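Engineer: With the hints as your guide, set chain E onto chain U.
Line by line, the protein sequences give chains U and E.
Mapping the first sequence onto this note's numbering, position 110 (from 1) lands on 110, and the numbers just tick up by one.
Mapping the second sequence onto this note's numbering, position 95 (from 1) lands on 95, and the numbers just tick up by one.
Just so you know, the hints here were simulated from the structure itself, not pulled from any lab data.
Take these hints with a grain of salt, some might be off.
A pair counts as met if it fits within one copy or between any two copies, since identical chains are not told apart.
Said to hold, decoys possible - Derived DSSO-like pairs: lysine-lysine, alpha-carbon spacing no greater than 27 angstroms straight-line:
| # | residue 1 | residue 2 |
| --- | --- | --- |
| 1 | LYS157 | LYS87 |
| 2 | LYS268 | LYS227 |
| 3 | LYS268 | LYS135 |
| 4 | LYS87 | LYS248 |
| 5 | LYS87 | LYS242 |
| 6 | LYS165 | LYS135 |
| 7 | LYS302 | LYS52 |
| 8 | LYS144 | LYS50 |
| 9 | LYS247 | LYS87 |
| 10 | LYS54 | LYS99 |
| 11 | LYS50 | LYS302 |
| 12 | LYS52 | LYS5 |
| 13 | LYS135 | LYS180 |
None of the values given here were measured: they were computed from a predicted structure.
Protein chains: 2
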Amino acid sequence: MKRQKFELLILGSSSASPTSERNPSAQFLNIAERYFLIDCGEATQIQIRKNKAKLQAIDHIFISHLHGDHFFGLPGLLSSMHLLGRKNRINIYAPEKLKTILNLIFEASDTYLNFEIIWHFTTNDKLNLLFEDDKIFVYSFPLKHRIFCTGFLFKEKELPRNIDKYKLDKYKISIADIHKLKNGHDVVNENGELIKNNLVTINPLPPRSYAYCSDTIYTETILEYIKNVNLLYHESTFLDDKIDRAKKTFHSTAKNAAQIAKLANVEKLLLGHFSARYGNLNLFIEEASSIFNNCELATDGKVFSLS
Amino acid sequence: MKRQKFELLILGSSSASPTSERNPSAQFLNIAERYFLIDCGEATQIQIRKNKAKLQAIDHIFISHLHGDHFFGLPGLLSSMHLLGRKNRINIYAPEKLKTILNLIFEASDTYLNFEIIWHFTTNDKLNLLFEDDKIFVYSFPLKHRIFCTGFLFKEKELPRNIDKYKLDKYKISIADIHKLKNGHDVVNENGELIKNNLVTINPLPPRSYAYCSDTIYTETILEYIKNVNLLYHESTFLDDKIDRAKKTFHSTAKNAAQIAKLANVEKLLLGHFSARYGNLNLFIEEASSIFNNCELATDGKVFSLS
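Just chain U, same shape as in the assembly (with noise of 0.2 angstroms):
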């Protein structure tokens, strides 16, 4: 059975500062055709175009803090979006000052957008539940940095059983007991007698999860939101040799990460948000290895599917 969609495209994976190879922090993930755009460092929307991205079908956006390289370059995603016609209300979820940015810069440009935001401020006291749909579950928790700063945490619904419809003939079920079978309850059956779910559905297969953690300082207290998940990305800004400045400026290093990655019990970690001073981000996979082995650079362009 063909699972449906999970795939992430990385858009930038530079700190603060951009390099000719990388940009600041901005990720596109489709989630069964939701469509979801996690930060929007400066040059976002010319990397969607340049790595063919469907721009106007991103209907939901998390910004994780207001530092620039996460959000420098939304007013120009969202003037595009305008400009090329979009009429579809989007979802904006991040820190409360982003609607006072925001306002500013187009009152100045007199700028009117055709469409509506709907604004969903983050807390960073513990996981809220952001948006919810039939299949999925989008969380923030909070993170430990310089300013007030969030991870946010994607999550598939459990799916339905799946019916060995070969057993529905045997046991003589009534097509309209399907659905309570799917959702896993017990039915009776034409003879009147108690067929036991487990006898007619098999276990589907297991939601899967994808944890964003943009810009924290190494802190155990995320383990309990990211436990478990199938993607984790951390931030990595500096390598080891650099501890001390990862500390002063609440920044994880490559080591913290994969000490993070291996507590959690994740099954795969990307590492990103890689210092402009570093030119060979193969150190970031040498130094994370040697703690949590199933680990890749999150570098701008990469695709990371979850089958």
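Structural biologist: Just chain E now, kept in the frame of chain U:
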């Protein structure tokens, strides 16, 4: 004699929405090692890096108006200057509201730049001198757009007169009088005779000039400010088949730009600010050159040197 540099690098040539080949408006101008940034659309700092221009050498930034495609790159550019260790103050010439916007953005990210911004608020009533040193004048002048918008005029000062050294001996002129001669005065020689300036000096090369007209509807009111410039950049968002749209949005066509270039008797015309709808830009040259012959596309990465 080698002249001082007068070199314009185009960083962006797109109008409101960038394309995969064209970034929004920004230009980098070097006159005699004075470095000016003219407008600063999104991703300007990335374009500066890609084109190996000197980011930290920029001491003067000119923002024509507050439509996003002309300034959305400024917060990121200033942040990067800060992060890369800038200490030297920078001059920003822009509409007053820009200061409020930048202050709010930097406040939200708890950022305190390590260098001072000297603000020079533009007005769009007439020709205004914005900057002057021993070699250059920079002026703003009013354009006619949907919102407050100015063009900029960069003009070398008159060079001192060139002295024919052989004639200094011939006319027995004291070395102490060279300064007077260079400034065009007559002098009295060692024999007490009045020596006419033009006997011993020759005309210097004429001063060069560049005018930048970012966003404007066709208007002959700008002719007095830009007449006889060596290089004129005039926006041409549209081709003539979209003249109605140009008028409605207070923009120009390639034909409009050529008409202005002709009436202003400029030496060379640069076309830019192209709408994202156009793929083949040669049509802009075709349209303009039927009216004004010496024109070029000011596309990303091109360099124009005045000799």
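Engineer: Indicate, hint by hint, whether the structure satisfies it.
Structural biologist: Hint check:
{"no.": "1", "hint": "LYS157 <-> LYS87", "verdict": "neither (29 angstroms within a copy, 52 angstroms between copies)"}
{"no.": "2", "hint": "LYS268 <-> LYS227", "verdict": "within (12 angstroms within a copy, 64 angstroms between copies)"}
{"no.": "3", "hint": "LYS268 <-> LYS135", "verdict": "within (22 angstroms within a copy, 60 angstroms between copies)"}
{"no.": "4", "hint": "LYS87 <-> LYS248", "verdict": "between (44 angstroms within a copy, 21 angstroms between copies)"}
{"no.": "5", "hint": "LYS87 <-> LYS242", "verdict": "between (47 angstroms within a copy, 24 angstroms between copies)"}
{"no.": "6", "hint": "LYS165 <-> LYS135", "verdict": "within (24 angstroms within a copy, 87 angstroms between copies)"}
{"no.": "7", "hint": "LYS302 <-> LYS52", "verdict": "both (12 angstroms within a copy, 26 angstroms between copies)"}
{"no.": "8", "hint": "LYS144 <-> LYS50", "verdict": "neither (33 angstroms within a copy, 34 angstroms between copies)"}
{"no.": "9", "hint": "LYS247 <-> LYS87", "verdict": "between (44 angstroms within a copy, 24 angstroms between copies)"}
{"no.": "10", "hint": "LYS54 <-> LYS99", "verdict": "within (24 angstroms within a copy, 34 angstroms between copies)"}
{"no.": "11", "hint": "LYS50 <-> LYS302", "verdict": "both (12 angstroms within a copy, 21 angstroms between copies)"}
{"no.": "12", "hint": "LYS52 <-> LYS5", "verdict": "within (17 angstroms within a copy, 40 angstroms between copies)"}
{"no.": "13", "hint": "LYS135 <-> LYS180", "verdict": "within (18 angstroms within a copy, 84 angstroms between copies)"}
Comparing the model with each earlier hint shows violations of hints 1, 8; every other hint is respected.
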